[in-house]
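Protein chains in written order, with this note's numbering: chain A, 1 to 739; chain B, 1 to 75.
Where hints are given, some of them may not hold.
[Said to hold, decoys possible] Using 30 Å as the maximum straight-line C-alpha spacing, the simulated DSBU-like pairs for lysine-lysine come out as follows:
1) A:406 - A:121
2) A:2 - A:121
3) A:2 - A:597
4) A:406 - B:63
5) A:406 - A:2
6) A:121 - B:55
Calculated from the structure, these hints are not laboratory results.
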Amino acid sequence: MKVALVGQPNSGKSTLFNAVAGYRSLTSNFAGTTVEYTHGQARVEGMVLELIDLPGLYSLTPTSAVEEVSRDYLLGGDWDVVINVLDASQLARSLELTLELLDLESPMVVCLNMMDEAARKGMTIDTHALEVALGVPVVEAIGARGRGINETFRIAEEVAKTGRRPRAFVYAPDVERVVGELAGKIAVRIQGEAAGAPTESGTRSPVSGVRSEQSGPSPSLDRAAIACNGGHCSSACCGHSPAMEGQHGPRGMAAVAELPVQPQTTPPLANLHASELQSPVTNHQSQIADFPPARFLALQSVQSDPRHIPVLNGGVPSGPWTPDSGPLDRARKEINLRTGLPADAAVSAARHAACLTLFERVAHVARPKADWREQLDRLAMHRIWGYAVLAGVFLGFFRLIFDVGKLGEDRILNVFDLLVAVLTQHMNPQSALFAGVKGAVLGTAGAVAIVLPYLLPFLVGLAILEDIGYLSRVGYLMDAAMHRLGLHGTATLPVLVGYGCSVPAVMATRILTSRRDRFIAAFLAVLVPCSARMTVIFALVGFYLGANYALGIYVLNIIVVALSGAILARIWPEISPGMLMEVPAYRVPSMRVVALKTWWRLREFVLVAFPLLVVGSVVLSLVDFYGWQHGINAALSPLTALLGLPRSVGLTLIFGVLRKELSLLMLMQALGTTHVLGAMTAAQILIFTLFVTFYLPCMATLASMMRELGWRLTLAASGALLALAIVVSLAARGVMLLL
Amino acid sequence: MNLYEADDQAELRILLITGGWEVRRSFNQIGIQPGDRVRILRRAPFGGPLMIDNKGTRVAVGKQLAEQIRVEVLP
Chain A
1 MKVALVGQPN
11 SGKSTLFNAV
21 AGYRSLTSNF
31 AGTTVEYTHG
41 QARVEGMVLE
51 LIDLPGLYSL
61 TPTSAVEEVS
71 RDYLLGGDWD
81 VVINVLDASQ
91 LARSLELTLE
101 LLDLESPMVV
111 CLNMMDEAAR
121 KGMTIDTHAL
131 EVALGVPVVE
141 AIGARGRGIN
151 ETFRIAEEVA
161 KTGRRPRAFV
171 YAPDVERVVG
181 ELAGKIAVRI
191 QGEAAGAPTE
201 SGTRSPVSGV
211 RSEQSGPSPS
221 LDRAAIACNG
231 GHCSSACCGH
241 SPAMEGQHGP
251 RGMAAVAELP
261 VQPQTTPPLA
271 NLHASELQSP
281 VTNHQSQIAD
291 FPPARFLALQ
301 SVQSDPRHIP
311 VLNGGVPSGP
321 WTPDSGPLDR
331 ARKEINLRTG
341 LPADAAVSAA
351 RHAACLTLFE
361 RVAHVARPKA
371 DWREQLDRLA
381 MHRIWGYAVL
391 AGVFLGFFRL
401 IFDVGKLGED
411 RILNVFDLLV
421 AVLTQHMNPQ
431 SALFAGVKGA
441 VLGTAGAVAI
451 VLPYLLPFLV
461 GLAILEDIGY
471 LSRVGYLMDA
481 AMHRLGLHGT
491 ATLPVLVGYG
501 CSVPAVMATR
511 ILTSRRDRFI
521 AAFLAVLVPC
531 SARMTVIFAL
541 VGFYLGANYA
551 LGIYVLNIIV
561 VALSGAILAR
571 IWPEISPGML
581 MEVPAYRVPS
591 MRVVALKTWW
601 RLREFVLVAF
611 PLLVVGSVVL
621 SLVDFYGWQH
631 GINAALSPLT
641 ALLGLPRSVG
651 LTLIFGVLRK
661 ELSLLMLMQA
671 LGTTHVLGAM
681 TAAQILIFTL
691 FVTFYLPCMA
701 TLASMMRELG
711 WRLTLAASGA
721 LLALAIVVSL
731 AARGVMLLL
Chain B
1 MNLYEADDQA
11 ELRILLITGG
21 WEVRRSFNQI
31 GIQPGDRVRI
41 LRRAPFGGPL
51 MIDNKGTRVA
61 VGKQLAEQIR
71 VEVLP
């Protein structure tokens, strides 16, 4: 049995999911997209459920790729029941999605999560009244404390088994009448298409079912055709008797009355029996004849962007569900005429009005007590003190990461040093095998001892800041400043984290919604000197040329970051008009959520970056063993000559890609001395450091960039960084020649 | 008057959301609609976003978007 979890962002949907599916869950991409969702098996009170945790969405009318893919998944019907998770403390707003889901007229359970939060806000909710009004079971829950979770799943299972299908909520008559007419036309068209081209109805593969519709009409359409051609469809079956006066009504009554062909489809109940006979356990929506309901499709078409052809068929521009543009245009004009609003605004206003009416009927809000969280926000979001708090939080955060990291790094490195010593005793140090093994050990050491001790506390800290709700406040505070870099406030974190380590910085770009923002933020984040590059800057420039020069590199870097941001914003202009973000109430972080988030992010890093680091390290060991460095230095000689650097530093630049601080260690080895100033001039040291600061990111960073941005953008970013490093170094060389 | 021009802490009613389909949709998604009563709680410096209260939900609205909302002051 497949259960889809649907809810708005911050509704606590994932808490529910984690409580039952936990560590066994998997993250996958929707077929053909980069949109991720989590799925897993859960055993709840003896039943085995297959859970699909869709990304948080505010509405089924998509404005982003995430929402589009999630909606298409729901339309694909590859599920048995929907659990709609709501933040009870945000009931009025959350109900909008609930009403949209009801338009799907499919088995559904509402989970009123965060009831404690609602109580704290002075809200009392009449759950029973809500249940009656919505026509679906409503379960109260406090997910963070594990309350109501099992009950939610148990009731969901019951609902799925009985296939109880709710009726859609009826909106304002002006809208409803026009939408009903359009729905009738869509239904006729579906029947026409299905009857004209009957295809073999096949079972769909999970999730990819969303895309498989591209090849032809979906099984549910075929079933619609078969059922209707078989003569089961009569006008009587199309209208439901109203369950609640004034709230629920028959779908598309106007259409029934006015259209010559009987529209709509089979009665839900008859159809349900049919599918139950076939498979007593599952009740896939894709096997239900009138799924998705014509009224839902009509509403979606009316609400979709009028500049585009409505896309309602799993990404197919003109599927059998899409109404002709003629009737749709007429419907839009009609709604506009009746309401004086653009059609999409009229539909959302109608739904909004329905939500507010419902909210006022079922919820009572007392004046909330002024609590400490409001006081905290007065400080944390203050126009002056807010920034002091921000600086304090980030300094403390980095301090903690470095202290913990350093502690771990030294200890773990000692272990690996010991291991190398043991290997040297037991193997022939002159053999290629030894070189390879040593490379593997050192590569593992780099991953385990150098990256992990910093990454782990960082990921824990990030998850805590996220769960508390502080990150959105950072976004609010930094929005104006980040606009100068062509980004929004939410991109602050990745860029700042870049000063610590580029790997988590790139991973942190995931909090950004658009691909463009992710790319620009990742690019700027890797441009910022990470702690490994800081070592190089201080050990070379700081030590040989003085602290002022080292500081100068940081200042220069900030200028380059600002310029790059401005240029990138020109090349790839912003589409979204600005920040519009919910600022959630502060919450006590749930350790379980923090642990799970950390684990998932860490697992990705381990899977992607570890193998690369180890293989890269082995290759470099072998290069060293066979003495290929001369060839590499020769190959890189045009670059080193251009920058006016000694030929022997070529290889160190390759090592720097493996791990930034290696370019420092290898420099001393390549020059054959620890007194760098003897072997290189001050100018050469400065140019070398500048180049190392700006050129390619290290291999672990490249791996995480590939993961987050795809190889094309990673390649583009690498090329741009290399070019940038050459330009900056050459400019520095020019300036020094003039001086 | 648009939302960005309104005074902090004043009780406001949203009259109209201008600026096309995407702007309307994104406000709709976050639960902001014409007719709603909102209040500006605070604003970030240097032309930064506003933080508004809408039926207990806190929303940060960037300057450009806030300028797309026409409001009236409630007595």
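Verification of the supplied hints:
| no. | hint | result |
| --- | --- | --- |
| 1 | A:406 - A:121 | violated, 43 Å |
| 2 | A:2 - A:121 | violated, 35 Å |
| 3 | A:2 - A:597 | holds, 24 Å |
| 4 | A:406 - B:63 | violated, 43 Å |
| 5 | A:406 - A:2 | violated, 46 Å |
| 6 | A:121 - B:55 | holds, 11 Å |
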